[in-house]
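There are 2 protein chains.
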Amino acid sequence: MTSQEEKTENKNEKKEKKEKKNKTDSNTKYDRAGLENVMKRRFFTSPAFEIYNGIAGLYDYGPTGCALKNNIENYWREHFILEESLLEISATCLTPEIVLKTSGHVDKFTDYAVKDVKTGQAYRCDKLIQEWINKEKNKKKKPSEEKLKELDELYQECDKFDEKQIDDCIEKYKIKSEAGNDLSKSYKFNLMFETQIGPSGGLKGYLRPETAQGHFVNFKHLLEFNGGKIPFGSASIGLGFRNEIAPRSGLLRVREFTMAEIEYFVDPENKNHKKFDTIKHLKLPLWRAKDQLEFKPITNDLTIEEAVKNKVIANETLAYFISKTYLFLVEIGIRPEGIRFRQHTPTEMAHYASDCWDAEIETSYGWIEVAGHADRTCFDLSRHSEVAHIDLVAARPLKEPKIVKGVKVSPNKGVIFKDFSDKAKAKKLCEKLEKLTEDEKEKYMQEFENNGKIEVDVDGEKLLLDKEKNEIKMERFENKVMEEKFIPNVIEPSFGIGRIIYCVLEHCFAVRANDTKRTYFNFPPCVAPYKVSILPLVATNEFLQFVEPIRKILVQNGISYKIDDNNDSIGRRYARTDEIGVPFGITIDDITVKEQTVTFREINTMKQIRLPINDIGIVCRNLSNRVEKWEDIMKKYPLFEAVKKE
Amino acid sequence: MTSQEEKTENKNEKKEKKEKKNKTDSNTKYDRAGLENVMKRRFFTSPAFEIYNGIAGLYDYGPTGCALKNNIENYWREHFILEESLLEISATCLTPEIVLKTSGHVDKFTDYAVKDVKTGQAYRCDKLIQEWINKEKNKKKKPSEEKLKELDELYQECDKFDEKQIDDCIEKYKIKSEAGNDLSKSYKFNLMFETQIGPSGGLKGYLRPETAQGHFVNFKHLLEFNGGKIPFGSASIGLGFRNEIAPRSGLLRVREFTMAEIEYFVDPENKNHKKFDTIKHLKLPLWRAKDQLEFKPITNDLTIEEAVKNKVIANETLAYFISKTYLFLVEIGIRPEGIRFRQHTPTEMAHYASDCWDAEIETSYGWIEVAGHADRTCFDLSRHSEVAHIDLVAARPLKEPKIVKGVKVSPNKGVIFKDFSDKAKAKKLCEKLEKLTEDEKEKYMQEFENNGKIEVDVDGEKLLLDKEKNEIKMERFENKVMEEKFIPNVIEPSFGIGRIIYCVLEHCFAVRANDTKRTYFNFPPCVAPYKVSILPLVATNEFLQFVEPIRKILVQNGISYKIDDNNDSIGRRYARTDEIGVPFGITIDDITVKEQTVTFREINTMKQIRLPINDIGIVCRNLSNRVEKWEDIMKKYPLFEAVKKE
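Protein chains in written order, with the numbering used here: chain E, 1 to 646; chain W, 1 to 646.
Do not take every clue at face value.
One copy or two, either will do: identical chains are not told apart, so a pair holds if it fits within one copy or between any two.
Stated by the list, open to error - Calculated pairs, DSSO-like style, for lysine-lysine (alpha carbon to alpha carbon, straight line, at most 30 Å):
no. : residue 1 : residue 2
1   : K562      : K485
2   : K517      : K220
3   : K280      : K552
4   : K271      : K405
5   : K517      : K629
6   : K188      : K204
7   : K428      : K176
These are calculated hints, taken from the structure and not from any lab test.
Work out the full structure: start from the sequences and follow the hints.
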């Protein structure tokens with residue numbers, strides 16, 4: 001997710017509205033307040049530091065939210081890392097400036113801001129202008145047709161403005177701050193959090209805006225770990241940070257967030273995927289860049305195989321991961337009809353990408369990007385190779401051996417250290433010569449052949465090495481090789497876990513019989529925060545004695561549970577566990593005492609079966625691990641009709 | 001882990017040396033270089049940003065290290081969160097200054113530093129002085145007895161020095177930098193990473209040095225989630241950051257680290273634990289503060305029950321978690337004889353603690369703190385209550401009803417907003433009056449009773465509210481209550497996951513038959529990075545066809561695996577998987593083709609059994625989840641004697 005990408009969100013929402021203009025807007029019906037009420041009251045999430053009035057864009061996860069988050073992350077691990085044999089790494093958030101300078105983030109990871117000249121309140125320019133436009137359009141006195149057209153165009157264009165265009169726009173339309181004050185000139189604001197590493201004050205660092213760089217700087221280790229073979233992927237689940245100018249939209253735009261990223265390294269000459277056959281039959285909703293620009297709808301009728309064949313999606317590996325993402329999202333509870341894949345238009349593409357498809361989910365806020373699938377080409381590995389002077393390359397076997405020409409550089413250290421009085425400089429000089437790239441060697445070789453000496457730049461000083469003084473030897477050579485080196489390309493699926501969590505909450509939020517007080521979440525069991533509730537029908541010792549043995553069985557099977565031995569009616573207690581989406585409920589009743597069975601209730605159907613205590617472990621595990629479905633379990637055990645109604 | 005705690009490490013190592021002076025030092029024999037070689041070569045960890053020459057104190061985890069880390073974290077979750085029904089939360093790393101000012105970290109989370117006046121290189125003062133002492137003592141010309149005594153005392157004392165004492169010491173002994181240059185005056189250096197939140201530059205923030213504050217600021221939500229009942233615990237696994245002055249010792253002293261912390265909230269009048277009986281029989285190695293100061297050894301012969309009874313450990317809850325930590329460490333592969341619990345001496349206790357016991361593990365670096373168990377009393381909740389003006393309290397039922405006196409403050413908003421021209425100020429005033437603590441209300445009441453008016457401080461300005469003007473009403477009342485409120489105390493077990501990982505690596509590192517090239521890790525299966533290897537005896541289609549079905553079985557059972565279908569000898573491939581501690585190896589051979597069975601080898605015993613393919617899932621799962629041990633499995637299946645020797 002780049003800053004650039006976000007800017008297009010509003011635009012796309014707008015396009016969507018155009019598409020839908022003749023439909024009723026289903027979003028207005030969504031009970032977001034109801035959802036937010038449950039999220040807060042049952043501690044899924046909470047604004048961070050709320051007792052100190054909170055900090056915009058920072059959220060904490062409570063027990064229910066945290067469990068949901070862990071489960072989604074664990075399923076992501078299973079679905080991607082374990083299934084695709086990816087190499088998981090965990091790299092640091094603290095990142096020295098040089099890495100993010102090299103990656104382009106220091107220069108390009110920016111938004112434009114303006115400040116209220118009186119209060120100092122900052123605004124993101126594009127959002128500010130767009131909000132002003134919305135207000136203008138909704139004024140009692142409607143703008144003229146001509147004016148409306150002008151505003152619509154401005155809405156579309158303002159996220160591509162430079163400083164001058166922004167300042168001109170603000171002046172022309174007399175746009176003010178929320179408090180009605182004048183605004184400062186616009187300025188570029190880098191979205192990375194800056195800090196100092198170490199006590200000497202010399203080392204500027206940032207909190208990483210993406211986990212990706214941690215993969216790239218470890219590329220050599222990863223390739224070696226994989227036995228030198230390509231393709232392979234690395235994966236990482238970890239924090240990213242982004243100092244949003246004025247974050248809103250709750251969990252959807254935050255300053256600290258969990259990302260799950262895959263960097264899949266491929267041979268640029270072969271971006272096929274060996275498991276492509278397993279997904280090629282899927283038909284996914286694809287919205288091409290071309291179609292977006294021409295206000296054309298989504299394509300729904302292409303198989304993935306056809307999409308690759310027709311160059312809608314650039315290559316098999318990109319298409320494979322798009323498909324895997326689709327399957328992932330459906331499995332964790334997103335409604336299939338609320339998913340689409342939107343290709344980036346040329347102007348919104350991040351600085352490192354050649355093609356990109358966002359997975360978007362429909363929410364009450366509109367369509368929201370939750371994952372990107374970018375072909376980052378060889379951009380990152382090339383840049384780090386250049387700056388760190390290290391070859392980040394892989395090799396492919398050749399069908400026939402090839403003659404490779406090269407240059408051997410042999411500095412004579414003994415002589416150099418004798419000739420140079422500044423030993424530290426001599427050391428740096430030798431180190432530099434050891435790290436030359438092939439291109440640099442060739443350049444020096446030409447100099448050497450022409451002049452018999454070479455000039456090496458060390459910390460801005462030109463140092464001369466002379467063949468005659470025996471300081472250096474250089475030779476050309478030819479080798480017969482069986483492989484050729486190349487810089488791998490990178491296909492990057494990148495997931496915003498917090499956004500996905502929010503979308504799962506929205507899509508799984510349900511209401512019974514139109515009674516807005518009887519809400520529940522129909523989470524798939526694999527992601528539900530707690531899998532089972534344990535409810536003694538009444539809190540007598542006769543029933544309570546079963547709680548601990550049942551709890552033990554659940555712990556042994558790694559099943560999270562919630563005990564409610566309050567004396568409230570069973571219906572009320574079901575309602576409480578329903579509210580946080582506990583998919584299964586165990587009640588201990590008279591029959592339990594006589595027959596060692598419990599009732600086992602499912603949240604969606606509210607149907608109950610009679611389950612032997614001995615089977616609780618395996619049934620809960622199979623349901624949670626997606627080995628069996630409720631329908632399967634229902635067939636195996638007798639239905640139980642409770643006497644009282646809930 | 002506080003900064004203060006760390007300072008004592010060296011001191012304790014020193015005490016240890018004294019204790020051991022007549023023993024041979026077993027540490028010198030430990031093959032740390034061998035371990036580090038494997039860790040690097042097989043990508044357990046790597047210095048972060050190595051291609052840019054690295055940043056001290058930052059490490060990345062590769063696939064093996066990352067899997068080990070995940071497994072240890074997951075087992076921690078099972079052992080603590082699931083078993084103890086703790087409430088897991090995930091709070092942000094970014095923390096506004098006010099929170100860490102309130103917690104005392106802004107003022108007290110500091111070390112003293114000095115700089116080389118020429119190079120700017122910074123040193124931590126106590127470490128610098130101690131290193132200088134070590135050098136002095138190891139000089140060819142041994143110091144006199146008297147001098148030795150002076151140096152020993154200095155070694156013990158220097159970590160408690162203030163600026164002046166440090167400067168005097170450096171001057172007196174003419175201590176220089178590593179480069180031989182003069183040193184600056186000493187200065188306090190705060191160990192927190194600072195940053196700015198938001199674009200306006202007004203909000204100073206830090207990266208949290210501990211996860212604990214995230215629990216305290218969420219206390220009200222947590223208590224409510226727990227139905228208002230106490231005791232209960234919250235838990236969090238997340239990052240902590242500490243800007244070490246000059247980090248060394250590899251993974252043991254880093255700037256970004258994963259912590260697992262529990263805040264267990266108890267009634268200060270009842271710190272018993274309901275599951276105390278389950279651990280009270282344990283005899284743990286306890287090193288009391290008193291005994292440390294008197295150079296007396298560790299106590300090994302007290303049961304936990306006796307330790308609490310004799311006030312060696314302050315209360316049951318503290319003792320319960322100390323015991324749980326012991327069981328946790330043993331289960332993940334730490335040798336029991338390499339664990340001890342050391343009580344903090346009064347001078348080293350953190351500013352918030354009343355009693356503290358560190359879990360320490362013996363390593364080649366000496367005894368290392370990996371977890372702390374502190375009684376933080378009501379320090380944090382009281383401080384946040386005071387500063388945020390919010391009651392962070394719980395309630396206990398009373399045996400008999402009690403009369404509670406209080407003050408009701410009723411500002412008359414209508415009148416106030418009429419009387420005050422500055423409406424923003426009026427709003428703030430009313431908000432402040434809504435948030436008064438009981439103490440503040442009493443103070444205002446006295447003012448009100450004396451003068452008929454009260455003076456309220458809003459942003460430094462004193463605002464007057466007058467009874468006569470009908471701006472405010474205040475009344476005393478009496479209520480009969482059935483419960484009384486109290487500020488809970490907090491027992492905090494806090495784990496450094498990175499340190500634990502390093503200790504597990506050290507303790508599980510083993511060598512076969514004294515051949516330092518045949519190293520392996522005898523990780524318990526539950527923490528091993530990969531549980532099983534899949535090795536076709538030779539890479540023919542006949543054998544390879546079994547790889548995918550076996551892999552599928554493993555994925556379905558959530559078992560991590562490593563396939564090695566290289567044509568190397570089976571012995572070589574075993575050696576490779578041994579080196580990263582894969583506990584079980586599956587080979588596919590002739591008999592597999594005929595009988596659908598595989599060989600199944602265990603790493604420690606190197607014994608093999610013959611296992612039906614259908615049983616692979618359940619056997620691997622039971623071994624990984626600690627349901628069965630290798631000895632149990634051995635009894636169920638026929639032993640298989642390989643023809644060739646490994």
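If the cut is 30 Å between Cα atoms, do K562 and K485 qualify within a copy, between copies, both or neither? Answer is between; shortest inter-copy Cα gap is 27 Å, intra-copy 56 Å.
Between copies, within a copy, both or neither: which fits K280 and K552 at Cα up to 30 Å? For K280 and K552, only the inter-copy Cα distance (20 Å) is at most 30 Å; the intra-copy one is 44 Å.
At most 30 Å between alpha carbons: which applies to K188 and K204, within, between, both or neither? both (19 Å within a copy, 20 Å between copies)
Intra- versus inter-copy proximity for K405 and K271 (alpha-carbon distance at most 30 Å): within (28 Å within a copy, 76 Å between copies)
Is it within a copy, between copies, both, or neither that the alpha carbon of K517 lies no farther than 30 Å from that of K629? For K517 and K629, the Cα distance is within 30 Å only inside one copy (28 Å; across copies 50 Å).
Please work out whether the CA atoms of K428 and K176 approach to 30 Å or closer within one copy, between two copies, in both situations, or in neither? Result: close only across copies, 25 Å inter versus 56 Å intra.
At most 30 Å between alpha carbons: which applies to K517 and K220, within, between, both or neither? Answer is between: at 24 Å across copies they meet the 30 Å cutoff, but 56 Å inside does not.
Hint check: no violations occur; every hint is consistent with the structure.
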